[in-house]
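Visitor: Below are the chains, spelled out letter by letter.
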Amino acid sequence: DAGVTQSPTHLIKTRGQQVTLRCSPKSGHDTVSWYQQALGQGPQFIFQYYEEEERQRGNFPDRFSGHQFPNYSSELNVNALLLGDSALYLCASSVDRAGYEQYFGPGTRLTVT
Amino acid sequence: QQQVKQSPQSLIVQKGGIPIINCAYENTAFDYFPWYQQFPGKGPALLIAIRPDVSEKKEGRFTISFNKSAKQFSLHIMDSQPGDSATYFCAASPGRGSTLGRLYFGRGTQLTVWP
Numbered sequence: 001d002a003g004v005t006q007s008p009t010h011l012i013k014t015r016g017q018q019v020t021l022r023c024s025p026k027s028g029h030d031t032v033s034w035y036q037q038a039l040g041q042g043p044q045f046i047f048q049y050y051e052e053e054e055r056q057r058g059n060f061p062d063r064f065s066g067h068q069f070p071n072y073s074s075e076l077n078v079n080a081l082l083l084g085d086s087a088l089y090l091c092a093s094s095v096d097r098a099g100y101e102q103y104f105g106p107g108t109r110l111t112v113t
Numbered sequence: 114q115q116q117v118k119q120s121p122q123s124l125i126v127q128k129g130g131i132p133i134i135n136c137a138y139e140n141t142a143f144d145y146f147p148w149y150q151q152f153p154g155k156g157p158a159l160l161i162a163i164r165p166d167v168s169e170k171k172e173g174r175f176t177i178s179f180n181k182s183a184k185q186f187s188l189h190i191m192d193s194q195p196g197d198s199a200t201y202f203c204a205a206s207p208g209r210g211s212t213l214g215r216l217y218f219g220r221g222t223q224l225t226v227w228p
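Residue numbers (the numbering used here), protein chains in the order written: chain A, 1 to 113; chain B, 114 to 228.
What the hints contain is simulated information worked out from the structure, not anything from laboratory work.
Do not rely on the hints blindly, as some may be mistaken.
[Stated by the list, open to error] Going by beta-carbon spacing under 10 angstroms, a handful of chain A positions derived as facing chain B:
no., residue
1, Pro43
2, Ala87
3, Leu88
4, Gln102
5, Tyr103
[Said to hold, decoys possible] Partial list, derived from the structure: chain A residues whose beta carbon lies under 8 angstroms from chain B:
no., residue
6, Gly16
7, Val19
8, Phe60
9, Arg97
[Unchecked claim] A short list of chain B residues far from chain A (calculated; beta carbon distances all over 12 angstroms):
no., residue
10, Gln122
11, Val126
12, Lys128
13, Leu159
14, Val167
15, Phe179
16, Ser182
17, Gly210
18, Ser211
19, Arg215
20, Leu216
21, Tyr217
22, Gly221
23, Gln223
24, Pro228
Just so we're clear, the structure is a prediction, and the values are computed from it rather than from any experiment.
Even for Gly, the Cβ is constructed at its ideal location relative to N, Cα and C.
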C-alpha cells in the first residue's frame, strides 16, 4: 500500500514565477491538507481539501491556491513567488475531515532565488 | 501566536536514557494530540497519538502522558537508541468547529542520542 506521494522532490524557481506541486493521498483517504514548513520550524497549515472543495484555510495569502481532483489527488499552486516562499511543502492525507491520523508525504523542497 | 508550546528546543541523551519532551496548549477545543518524528529531508512520520479521555498511551518504546487539567502532554522514549536521533513535533487538532482537522504544531525538539 503506497503512502502519500508528492512530486516533484525538489524545485528551484525565480521570484515572480508560478509553481504547481502535486500530491496523491494514501489509499482510502479522501481528505488532503497542505502544510508549509520553513527551516527549523514546525509545519504551518495552508488549507484543507475535501470533496473537491477548499474547506478551510490557514493564514496564507491568495497567492496560494489549490485543487482536489475526483480521485482525491491534489495540487498546490503558488503565484508571484517570493523569496520567503522557500520552504518544504508537505501534503497530508486522512480518512476524513476530522483529521485523526494524518499521514504526511516526503514533501517538496521549493527554493526561490 | 503559538497554539502549542514545545520544550526543550534540543535534547541530548546517552543511549538507553529516557528523553522527555513536553508540550502545552490553551485551546480547549483540541481533542487529538499526535506526535511526529522527522528525519532530515523527510516528511513527518506519525509516531503515536492520544485523545483526552485517557491519561497515558504506550506503543513500543514510546509513551504519551496526558494531563487534561493542566493542558499538558509529553512524550517519553524508553531505552533510547542512536536511531531515535531526529526532530520530534507535538501537535494538536480540534474535534469541532471551523478548524476541524487542522494540525497545530509545536516548534520541534531536536533529539540526539549518543551511543
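Visitor: Evaluate each hint against the coordinates.
Guide: Results of checking the hints against the structure:
{"no.": "1", "hint": "Pro43", "result": "holds (5 angstroms)"}
{"no.": "2", "hint": "Ala87", "result": "violated (13 angstroms)"}
{"no.": "3", "hint": "Leu88", "result": "holds (8 angstroms)"}
{"no.": "4", "hint": "Gln102", "result": "holds (6 angstroms)"}
{"no.": "5", "hint": "Tyr103", "result": "holds (6 angstroms)"}
{"no.": "6", "hint": "Gly16", "result": "violated (27 angstroms)"}
{"no.": "7", "hint": "Val19", "result": "violated (18 angstroms)"}
{"no.": "8", "hint": "Phe60", "result": "violated (12 angstroms)"}
{"no.": "9", "hint": "Arg97", "result": "holds (5 angstroms)"}
{"no.": "10", "hint": "Gln122", "result": "violated (10 angstroms)"}
{"no.": "11", "hint": "Val126", "result": "holds (21 angstroms)"}
{"no.": "12", "hint": "Lys128", "result": "holds (26 angstroms)"}
{"no.": "13", "hint": "Leu159", "result": "violated (6 angstroms)"}
{"no.": "14", "hint": "Val167", "result": "holds (14 angstroms)"}
{"no.": "15", "hint": "Phe179", "result": "holds (15 angstroms)"}
{"no.": "16", "hint": "Ser182", "result": "holds (23 angstroms)"}
{"no.": "17", "hint": "Gly210", "result": "violated (10 angstroms)"}
{"no.": "18", "hint": "Ser211", "result": "violated (6 angstroms)"}
{"no.": "19", "hint": "Arg215", "result": "violated (5 angstroms)"}
{"no.": "20", "hint": "Leu216", "result": "violated (6 angstroms)"}
{"no.": "21", "hint": "Tyr217", "result": "violated (7 angstroms)"}
{"no.": "22", "hint": "Gly221", "result": "violated (5 angstroms)"}
{"no.": "23", "hint": "Gln223", "result": "violated (9 angstroms)"}
{"no.": "24", "hint": "Pro228", "result": "holds (25 angstroms)"}
Hint violations for this structure: numbers 2, 6, 7, 8, 10, 13, 17, 18, 19, 20, 21, 22, 23, all remaining hints satisfied.
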